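Using the sequences and the hints, build the whole thing.
For the sequence shown, this note's numbering gives the first residue as 1, with consecutive numbering after it.
Calculated directly from the structure, the hints in this document are not laboratory data.
All figures in this text were calculated on a predicted structure; none of them were measured in a lab.
Keep in mind that a hint or two might mislead.
[Claimed, not checked] Straight-line distance between alpha carbons at most 30 Å, and here's what the computed DSS-like set of lysine-lysine pairs gives: (1) Lys88 - Lys132; (2) Lys130 - Lys78; (3) Lys130 - Lys142; (4) Lys244 - Lys333; (5) Lys130 - Lys88; (6) Lys88 - Lys68; (7) Lys132 - Lys68; (8) Lys88 - Lys229; (9) Lys132 - Lys298; (10) Lys232 - Lys142.
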Amino acid sequence: AVLLTATLVLVLHFVSTLPRNLPVLTAKIDRQIIDSMITMSQEGRKVLQAVESGSREHLLVPLAIICKRTGFRPHDAKRHISEIHRKKFVHHDNRVYDGYRLTYRGYDALAFLTLSSRGLLGGLGQIIGKGKESDVYMGIGKNPQEVLVVKIHRLGRISFTRAREKRDYTTMKAGWLQMSKIAATKEYENLRALYGSGFPVPQPVDHNRHIVVMGYVPRTLFNNVQSLKYPKHTYDSIMNIIEKFQAHGLVHGDMNEFNLLIDDESGNVTVIDFPQMISIQHHHAQEWFTRDVNCINKFFAKRFRESFSHRNMSSLASQSAKCDDTKVRIDDKVRAWGYDKRDSPSSRIYENLRDQARQYFGESNDDL
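Laid out in structure tokens, this is it:
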């Protein structure tokens, strides 16, 4: 507990340790959350974990379930529940029946405490991005010189309440906390697969619950760039990345100025944000591919008054032809949305071997 407290206290000194050229917004993370985590008792944390586990089976977790999972007597359980309720880590509801549910604030606390206990996250700094489905903060590792990026998925707020219609993992009957966890897990797996295949993406560090931790890339968000030294080079770099996605069986699905980071000097590109990535076999793949290409073309025309072309980028079919069996099919590896395992390279190899075996042993052999 002492080590955990000392680790989290680093947040008080974090902002002064950041490089001076980091792009930051004025808003900072709510320090009350950090203070609440530091002062939370071990019993309070145990109750919070009981509410989390109970939420998988109950919309509201009754006191009896909390007592059963923690081993506390009802009187003691109520006292510890009162502690985390004051910190706004849980919400009390007695309209249908008396029970408690985890809040995003409580979910944040559990994830931060876990990452901190693993020795990965020493503190949080200023917010550098806020979208419909996530908040992005600067972070610091155990080494004060190690700068990280902490992405907190928050599905279900603002206009993103229609997320169930836009993600394959939101078709299940799950709450927003659970879906945020699934989104973070999926993004981390996608990031790891892309990074391992040489894509220009941030280095994945770790994830827990609805939080993804990745390496910091000192580049500028493309939407904030007003001029380019080498516009044609930057345009070709982006289109080459889109082509590389196709060659590995993927469509990014949200390739725009808000999901690209640009090196001001070289014009090189880094891609971010991957929960919506789909397979080229998806029934909307052509539509999303065309949208990705058009978004880039429109942005270059509007911001830089430039109009470029890059081979044949109008058809997904022409790009998918480059997706051969010699390349790693990442849509196969991560089971991207829309992926059909019957069309995978391994499946085709199996079909060829089976056909050869049937020719050898006879077409009537049903065991093959």
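Hints, one by one, checked against the model:
1. This hinted pair checks out: Lys88 and Lys132 have alpha carbons roughly 22 Å apart, not beyond 30 Å.
2. Distance check on the hinted pair: Lys130 and Lys78 sit about 36 Å apart at the alpha-carbon level, beyond 30 Å; violated.
3. Distance hint between Lys130 and Lys142 is fulfilled; the C-alpha atoms sit about 25 Å from each other, no more than 30 Å.
4. Distance check on the hinted pair: Lys244 and Lys333 sit about 16 Å apart at the alpha-carbon level, within 30 Å; holds.
5. Distance check on the hinted pair: Lys130 and Lys88 sit about 22 Å apart at the alpha-carbon level, within 30 Å; holds.
6. Proposed proximity of Lys88 and Lys68 is supported: the alpha carbons are some 23 Å apart, at most 30 Å.
7. For the hint pairing Lys132 with Lys68, the CA-to-CA distance comes to about 37 Å; that exceeds 30 Å, so the pair is violated.
8. Distance hint between Lys88 and Lys229 is unfulfilled; the C-alpha atoms sit about 49 Å from each other, more than 30 Å.
9. Using a Cα cut-off of 30 Å, the hinted pair Lys132 and Lys298 holds, with the two alpha carbons roughly 22 Å apart.
10. The suggested pairing of Lys232 with Lys142 is violated, with an alpha-carbon distance near 40 Å, which exceeds 30 Å.
Hints 2, 7, 8, 10, counting from the list given before, are not met by this structure.
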